[in-house]
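Number of protein chains: 4
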Amino acid sequence: MVVVMAPGATDEQVAHVVEKVESVGGEAFVSKGVVRTIIGLVGDIDSFHHLNLRTLPGVADVHRISDPYKLVSRQHHPERSTVWVGRPGREVPIGPDTFTFIAGPCAVETADQTLEAARMAASAGATLLRGGAYKPRTSPYAFQGLGVTGLKILADVGELTGLPVVTEVVDARDVDVVVEHADMLQVGTRNMANFGLLQAVGRAGKPVLLKRGMTATVEEWLMAAEYIAQRGNLDVVLCERGIRTFEPATRNTLDLSAVPVVQSTSHLPIIVDPSHAAGRMDLVVPLSRASIGAGADGVIVDVHPDPETALCDGPQALHGTALRELAQAVRRMPPLLGRAPAADRSRSG
Amino acid sequence: MVVVMAPGATDEQVAHVVEKVESVGGEAFVSKGVVRTIIGLVGDIDSFHHLNLRTLPGVADVHRISDPYKLVSRQHHPERSTVWVGRPGREVPIGPDTFTFIAGPCAVETADQTLEAARMAASAGATLLRGGAYKPRTSPYAFQGLGVTGLKILADVGELTGLPVVTEVVDARDVDVVVEHADMLQVGTRNMANFGLLQAVGRAGKPVLLKRGMTATVEEWLMAAEYIAQRGNLDVVLCERGIRTFEPATRNTLDLSAVPVVQSTSHLPIIVDPSHAAGRMDLVVPLSRASIGAGADGVIVDVHPDPETALCDGPQALHGTALRELAQAVRRMPPLLGRAPAADRSRSG
Amino acid sequence: MVVVMAPGATDEQVAHVVEKVESVGGEAFVSKGVVRTIIGLVGDIDSFHHLNLRTLPGVADVHRISDPYKLVSRQHHPERSTVWVGRPGREVPIGPDTFTFIAGPCAVETADQTLEAARMAASAGATLLRGGAYKPRTSPYAFQGLGVTGLKILADVGELTGLPVVTEVVDARDVDVVVEHADMLQVGTRNMANFGLLQAVGRAGKPVLLKRGMTATVEEWLMAAEYIAQRGNLDVVLCERGIRTFEPATRNTLDLSAVPVVQSTSHLPIIVDPSHAAGRMDLVVPLSRASIGAGADGVIVDVHPDPETALCDGPQALHGTALRELAQAVRRMPPLLGRAPAADRSRSG
Amino acid sequence: MVVVMAPGATDEQVAHVVEKVESVGGEAFVSKGVVRTIIGLVGDIDSFHHLNLRTLPGVADVHRISDPYKLVSRQHHPERSTVWVGRPGREVPIGPDTFTFIAGPCAVETADQTLEAARMAASAGATLLRGGAYKPRTSPYAFQGLGVTGLKILADVGELTGLPVVTEVVDARDVDVVVEHADMLQVGTRNMANFGLLQAVGRAGKPVLLKRGMTATVEEWLMAAEYIAQRGNLDVVLCERGIRTFEPATRNTLDLSAVPVVQSTSHLPIIVDPSHAAGRMDLVVPLSRASIGAGADGVIVDVHPDPETALCDGPQALHGTALRELAQAVRRMPPLLGRAPAADRSRSG
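Residue numbers (the UniProt record's numbering), protein chains in the order written: chain R, 1 to 349; chain B, 1 to 349; chain D, 1 to 349; chain H, 1 to 349.
This is chain R alone, in the form it adopts within the complex (with noise of 0.2 Å):
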């Protein structure tokens, strides 16, 4: 940490924030500039926080150098991690050696639908399903999902068609539940900063699929997923899907830069949902193009066998000629950049 003080800052009042500081073991170091003096605090940054330093008389601004995570940063753990998803035997891999591709239905309608789009997805080449029973959704007045009905087909529809299941969980005490029937829990971009729920699947025993708040910087996003691995859960992955700015032509804005920023400070792997951040078919493949491009570790998509009646989201969802090219890119890509596609890797093999 750094304090700064203000122009006009006395020797009495850099004295105090030294004193401050050696009160609870900390040791300063003083710089007398022309203009400002700056004071660089070295010790344990947990008790420095208590000082509340930025109230004291003379101080104009706390520069804060170190990151505030740490079970999540790569300084402690410079190798970046690859997090397993399924029962022994049918584990899929995310990490850095693969590229790993997620699909299915934004949500389980009907057990006929699951099962196609689920079909739809593994002959595409996706090696985990993806499908909502829990339907966080803006309005009261729209369709919030099946819950348990819709967890107990989606894992009818893993078991049939050997896919493991990621589905979302929206509420703390919806967690036994879809750990019952899920292989990864997937916490939403709505519930990022649920610290309650963040702490609930950290307790939860399978890998978690954490989505970036719409709105979250990278910062706050690593500090959620050390909520998750500080009640000892490091098997998470991350997904970018989008951040709010002011361009109106995409639903969010897709930040792919967040893909290398993530993998240089963090060792957990991180995947990209270009479906939700778009909300635009048509911009579903190129962004998948370009995520892999980017050095993401996977992507998850929306498919449906019938977007012209899904219940949720359905502008967005692949089918047809589209996702027929996405098979296509995630099969030739990644091997361009030094990974094997999911498809041909597994523990098991």
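One or more hints might be untrue.
It does not matter which identical chain is used: a pair holds within one copy or between any two.
[What the hints assert, rightly or not] Simulated pairs of lysine to any residue, SDA-like, Cα-Cα distance not exceeding 20 Å: (1) K32 / E19; (2) K32 / V4; (3) K206 / S66; (4) K32 / V42; (5) K152 / L115; (6) K152 / P136; (7) K70 / Y141; (8) K70 / G43; (9) K70 / T138; (10) K20 / D174; (11) K32 / S47; (12) K32 / H63; (13) K32 / V18; (14) K20 / D306; (15) K70 / R137; (16) K20 / Q75; (17) K32 / T161; (18) K32 / E22; (19) K152 / L336; (20) K20 / H49; (21) K152 / I65; (22) K206 / S23; (23) K20 / T309; (24) K206 / P7; (25) K152 / H77; (26) K70 / A142; (27) K152 / R173.
Hints in this document: simulated from the structure, not taken from any laboratory.
Place chains B, D and H on chain R using the hints.
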């Protein structure tokens, strides 16, 4: 709703849209332009949503025309509402005829600190006490609040000072215990889209203070209020607290335009939190005065007897001269705009 | 300046930074932390900039500590400035002791419309006339202003009504002709970073009204003012006019926090334009009142005798009841905050 | 255009709108809903704009339906365009069939540095040389470029290496001298809405590289291109360079969705500048690969023989290993997406 066809859309494609609309009992009015055809829809909007019109061939865009919220809209409830907080005989109003001043510590730390802060608040003219027992913090390593112990302190201090108490609830599982101790439940900015929590406070039978999500549009915020109202609770007060922008000089950008915007479309009262928006004590007084000017129904601010030792948000807590300036503003400015300060008005009086 | 080294930086890398700093005559104070080393720099900042310290091996980050602007800063000029506009004997002040009301048509269309608008403005208490002869428009197909003809109309109407005139200049090549006809030159939001234009108005010898770029930070805005000041013109008035955010309910989000933020770091006066920020007439009066509350030194608003026929921004122009409400607010509210309405004060009086 | 009436609008108010529309030769189709009436307009949009429909009594909102740009739209020009840069016999294409790699120093400092950077660029596969002689800088105290001296260096180096030259012009008064020395004129992000400059480069008779304003929507950007096109110059290449968001990890947020969004509505080529968006060298290669994946028609990057001594944006300049990685990506990835690297294709060949 208005459906805009793509420039080259065929007559068959237009007819397909009309047919879909009529299949759910709606009417479709076709206007053929030189370049484009547009189709105006009349009928039940919810049924139109299920048609996924945006996925139909030849459709370029679909514009929603009506507001999506109902219970909180002024359309069927043109009079602006007053929400009364506190037990019978001591109720304090928040609404169009008064200006309500709410103050207290960001976090409850000890009984003494809370009582002293409450006395500071009351002597400055506050008629409601705020204080946090559950604190949603970005870092899992930061002080998370005293929980039930904090609730008890708040209830005791409310009793001693005669001030009704508003406090935040961060988890649906805590709603019952919070209702037991507090007069008004606050839903914080990070939980504005936590729909399970919104429904839980909607059933709690006490007034709710709903902060704006720091990246929520006004429309999404009113939809969150609609979630609460839909469970039978119309005693909702909205609280503008700043939105996330590119400007780093303040923690968030206080959006005071939201005050008249909300008042023109919703009957719910709206107050402003300048402390959390700015994150800097020196801005709290000017932004409180600005809130009064914008027509807000009240303000809520942090006060602390000793900001240097505060466990939470010390740098923004008012005391001393600044608090006296604020007390003067909330006494002298509202009457100029046709409002009584809340201190002069209660249901019992 | 503070240089933050990466966690694993070597002693050689630290020494290399120190050496570079000393090579340009600076001093470097090294603080070795448990995890990181930070280096405080003392000396001439401009010379440090040329070192590209961020590119040196082992350097993680470089924090700037001091404000980058000088002439417009309060640091060496602690008294807030007053800018006087208009020819000798009729000058109108904009500064900390008064509240200045500026009004007029968005665009000059005809002599009659401009004269009528100016009379509306004057009778509502305005002491400066605004009006656009050159209009920067997003579309090349929109009305671009009357140019020199418009300048002449403005000058004539200013003469007839006794109101000094402020008008926008959009091209450095037009500065001479605008100076000939106007009392104050406006640089619009789209040109805030047009450095050639800033330098041209800096040499023009008349006061400048510098609008904030709709996506500029406060610091960038003050740097733009510094460009003008550097050419010898310190008669700069800043104008907050809304920034671009994700909120669609208003054209831009008026950032009233910028008023006290600017006043705490710069001595220049700052006024507010609520008409262009909101783009909606119904918000102009509440946002003008909010501006007074925030401590602004004035407001500038659009008025038009017949908004239905306006060639530019008709939907936001005030007239009738709303204008009377605004007149009342600018007369009654500023005295509460220790300011005289500009109408009551001029240098000659 | 669609006019949406307020819920309580009267029949007279509806009739007034219809009458206004018909008065300028338009047709109005009225759809009466249960709650609201909507009116579809058919006819000349420009004439409708002058009606100020939004100011009429009873009107709640006006939705524009058609795109406001014409010459740059794909509507009447469905084939995507190729722009050729350089003098006859040496022209380099930018368009849908190739991938163009543009590189060079951010600022021209000396003849040696420019020549060395150009050779680095060429040997990495670049076919166009970029370099700044006029630098728009936020601070008046920063290096502003060598001006005409820089232009001459660029022209000489272009001659020596055979690379056509693209350079920025920041002031309409400099267009003539820049045209004399360069093969393509760049309009920078700060000048995207400098309409006088857009018109000047529109008349200059050479291709233009139009960077996106860092806070411009795609629509505003295409309107800026329309300004150039309207002066008779359709040789415009768009360049995405990041937009301003709340995320501090990168200087700006690269909006790669803009690539397919632009390509779906405009026939103009679009390239990407990852160096200025990120401001960090380590992100340039992954973001360049992502740009190829997104379908961009090229990239433009900063290279510098010695970033430590660069006078401008050293921290983002490529060299060494990173430049070799980029060279490999621009050679190997575009063919996967059906494009020839520009190095393999010229008009003469």
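Checked hints:
no., hint, verdict
1, K32 / E19, "both (17 Å within a copy, 19 Å between copies)"
2, K32 / V4, "both (10 Å within a copy, 18 Å between copies)"
3, K206 / S66, "neither (30 Å within a copy, 43 Å between copies)"
4, K32 / V42, "both (17 Å within a copy, 7 Å between copies)"
5, K152 / L115, "within (12 Å within a copy, 52 Å between copies)"
6, K152 / P136, "within (19 Å within a copy, 33 Å between copies)"
7, K70 / Y141, "between (41 Å within a copy, 10 Å between copies)"
8, K70 / G43, "within (16 Å within a copy, 35 Å between copies)"
9, K70 / T138, "between (34 Å within a copy, 14 Å between copies)"
10, K20 / D174, "neither (46 Å within a copy, 37 Å between copies)"
11, K32 / S47, "between (25 Å within a copy, 18 Å between copies)"
12, K32 / H63, "both (17 Å within a copy, 16 Å between copies)"
13, K32 / V18, "both (13 Å within a copy, 16 Å between copies)"
14, K20 / D306, "between (65 Å within a copy, 15 Å between copies)"
15, K70 / R137, "between (33 Å within a copy, 16 Å between copies)"
16, K20 / Q75, "neither (29 Å within a copy, 27 Å between copies)"
17, K32 / T161, "neither (68 Å within a copy, 48 Å between copies)"
18, K32 / E22, "both (19 Å within a copy, 16 Å between copies)"
19, K152 / L336, "neither (39 Å within a copy, 41 Å between copies)"
20, K20 / H49, "within (11 Å within a copy, 33 Å between copies)"
21, K152 / I65, "neither (48 Å within a copy, 38 Å between copies)"
22, K206 / S23, "neither (43 Å within a copy, 45 Å between copies)"
23, K20 / T309, "between (64 Å within a copy, 11 Å between copies)"
24, K206 / P7, "neither (53 Å within a copy, 32 Å between copies)"
25, K152 / H77, "neither (38 Å within a copy, 43 Å between copies)"
26, K70 / A142, "between (39 Å within a copy, 13 Å between copies)"
27, K152 / R173, "within (18 Å within a copy, 25 Å between copies)"
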